[in-house]
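These protein sequences, in sequence, are chains B and S. Numbers 0 to 71, taken from numbering that gives the first Met the number 0, label the letters of the first sequence in order. Numbers 0 to 623, taken from numbering that gives the first Met the number 0, label the letters of the second sequence in order.
It should be emphasised that the hints constitute simulated quantities derived from the structure, not laboratory data. It should be emphasised that the depicted structure is a prediction, and the values quoted were computed from it without experimental measurement. A few of these clues could be false.
To be verified - Simulated restraints on C-beta separations: (1) B:F49 <-> S:V9: 37 to 45 Å; (2) B:F49 <-> S:G265: 22 to 30 Å; (3) S:D210 <-> B:F49: 51 to 59 Å.
What the hints assert, rightly or not - Using 30 Å as the maximum straight-line C-alpha spacing, the simulated DSSO-like pairs for lysine-lysine come out as follows: (4) B:K5 <-> S:K201; (5) B:K39 <-> S:K5; (6) S:K201 <-> S:K182; (7) S:K566 <-> B:K39; (8) B:K3 <-> S:K206; (9) B:K24 <-> S:K57.
Think of the CB as a built atom: it goes at the ideal place given N, C-alpha and C, for glycine as much as any other residue.
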Amino acid sequence: MKKKFKLEDLDCANCAAKMEEAIKKIDGVNDANVSFLAQKMTIDAVDEKFDDIMKEVVAVCAKVEPDCKILL
Amino acid sequence: MTKKQKKMLVRIIIAFVLFAGLMICEHAGLFEGIENPFILFVIYLVPYLIIGYDIVYKAARNISHGQVFDENFLMMIATFGAFGVKEYSEAVAVMLFYQVGELFQGYAVGKSRQSIADMMDICPEYANIEVDGKLTQVDPDDVEVGSIIVIKPGERIPLDGVVVEGESFIDTAALTGESVPRKASVGKTVISGCVNGSGTLKVRTEKEFDDSTVARILELVENASSKKARVENFITKFAKYYTPVVTIGAVILAIIPPIILGGGFGEWIQRACIFLVISCPCALVISVPLGFFGGIGAASRIGVLVKGSNYLEAVAEMETIVFDKTGTLTKGEFKVQELRPAGITEQELLELSALAEGYSTHPIACSIREAYGKEIDISRVGQAEEIAGCGISVPVDGREILIGNAKLMQEKKVDFIPCEGAGTIVYTAREGKFVGAVVIADSVKEGAAEAIRDMKRVGVKKCIMLTGDRKEAAWAVARELGIDEVHAELLPGDKVSKVEELLKAQSDKEKLAFVGDGINDAPVLTRADIGIAMGSMGSDAAIEAADVVLMDDDVKKIASVVKISRKTLTIVKQNIVFALGVKAFVLVLGALGAANMWEAVFADVGVSVIAILNAMRALKINKQ
């Protein structure tokens, strides 16, 4: 399943790249894209665990860039 | 400016005033009487904290999260280092300069994002539905297929549909870049995203919002940034190694020379701090994708959708361009030009041909039926059998009719009179006996010759045309347009193998584009390095399969896109060379002790800002 999320206060491009990398490493995530320009995040992950994966995504992002909020 | 940015601006002003005051005091010699360096430290700490408290806080927080090498940390180390070697004013100045740069950078990125967003502002906000004689505004998402919506003058068309009432001119500029409005009247299809002119239209919707043209275009453009160009991938990879390498360099610089050369650590720590400030790859990480985004934006403004940075990059390297003739270089409107009956009258030949082609949807069949002009009595026509690439065999009034090209006549051993004429020739035989030929020609699109000329001028080396037509007809068109190479008499399946052949013949660096109208050539579009499709304003298969979509089917736009892509790539390369050049230069100066913090901060944020401004030029590349 592919889902899109808006991001708020994503201020640095390098952080977006780091977030993307960290999300891709989460188990069950097929693909992820964090667009600094569109301030959007696309996550392609396994259907069954999507909610759990999202929780992990939020945690990972908070670690990499605490200022950035994911609008769920 | 956002609230956050305004707050930052206030902090910068306060810190700047304080700092300026301190500098004046220092130069006036007011601090000379202070013996204890700690007091000076405290005095300078005030403006430092005002301007930099968030940096220190973020650095500490990020370290606790295991994120060591981020900008905040580096700035903190660099300025703490300056404090450590008693360069108090420098510590404050560097932090101040850094924050000014950050603010400006954030503002510039926000601005550019906004201008791209504005350009893509084709999303309709509401749809008018008539309920009990009253108009109500609803979310386009909630409108069901088949509903009647009302579009008032000046409103944006929310959903694709067919006009059932009213007449108006429609401005399609946002989608196609075409400035001449299109006429819309009863029975005509209208496309979402366009703006209605002066008349009120009632439209029966044909698609849900998610499937409508506007939603699909927005989706494509948004996804475009996820398909990264080679340069972008290189930068991402580069950035991953760049920061650690420079940081390790800083550590080495701080420790090794003082041990070997002796002397104090202070001087070398200061040089190491310069390294740290320069170690952020932000200028590259922002400006390269921003440049591509701008280029894609510039292309979409002239009505060309580029589905990813990688395709924009490929277009810039395009050397060969292969055209499908029909619908691309020619109008795809076939007209009967000449009737050459043999043994029957012209009218009989036309009637017979029209009947035989009664079931076919092929454009040539349609043109014959159109020339016939009368209702076709389908009961006179039997079951047709298709002979691939040749024509059909079909009983009409119980008599076997063969209709198709010369190959069909030869294969079926019909004694026929070959016809020399520019165009497609349809031969007809009744019960094995030749009864005549119909000459059908397609006219060349206006501007096609100019388009080919433009492409050559921007550096496309070879223009090739593929067609199922006879050689003579194909070459007639090719000569008129200035095409270099023609492969004629191809069966639909041959196009893929021909393109594969051409792909094999070229080197890795060269790129081949295939231009088709999207009908029947989806596999070729996919196979070519760059598939360019005629969008025909909503042909699903074409938009799906292609990498580049010409929204208004205008081949002239190809040359413009090549120009845009070249310019974009130039800008991106300029940014890479500039950013890396300045950084490398300041790193060397820093290691030799010839650079100060100011230059280091410039090499970081200053370069970013300049690179961003340069990247924004990609958005402004003109149509011509």
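Hints and how they fare:
no.	hint	in the structure
1	B:F49 <-> S:V9: 37 to 45 Å	holds (43 Å)
2	B:F49 <-> S:G265: 22 to 30 Å	violated (55 Å)
3	S:D210 <-> B:F49: 51 to 59 Å	violated (24 Å)
4	B:K5 <-> S:K201	violated (35 Å)
5	B:K39 <-> S:K5	holds (24 Å)
6	S:K201 <-> S:K182	holds (14 Å)
7	S:K566 <-> B:K39	holds (27 Å)
8	B:K3 <-> S:K206	holds (22 Å)
9	B:K24 <-> S:K57	holds (24 Å)
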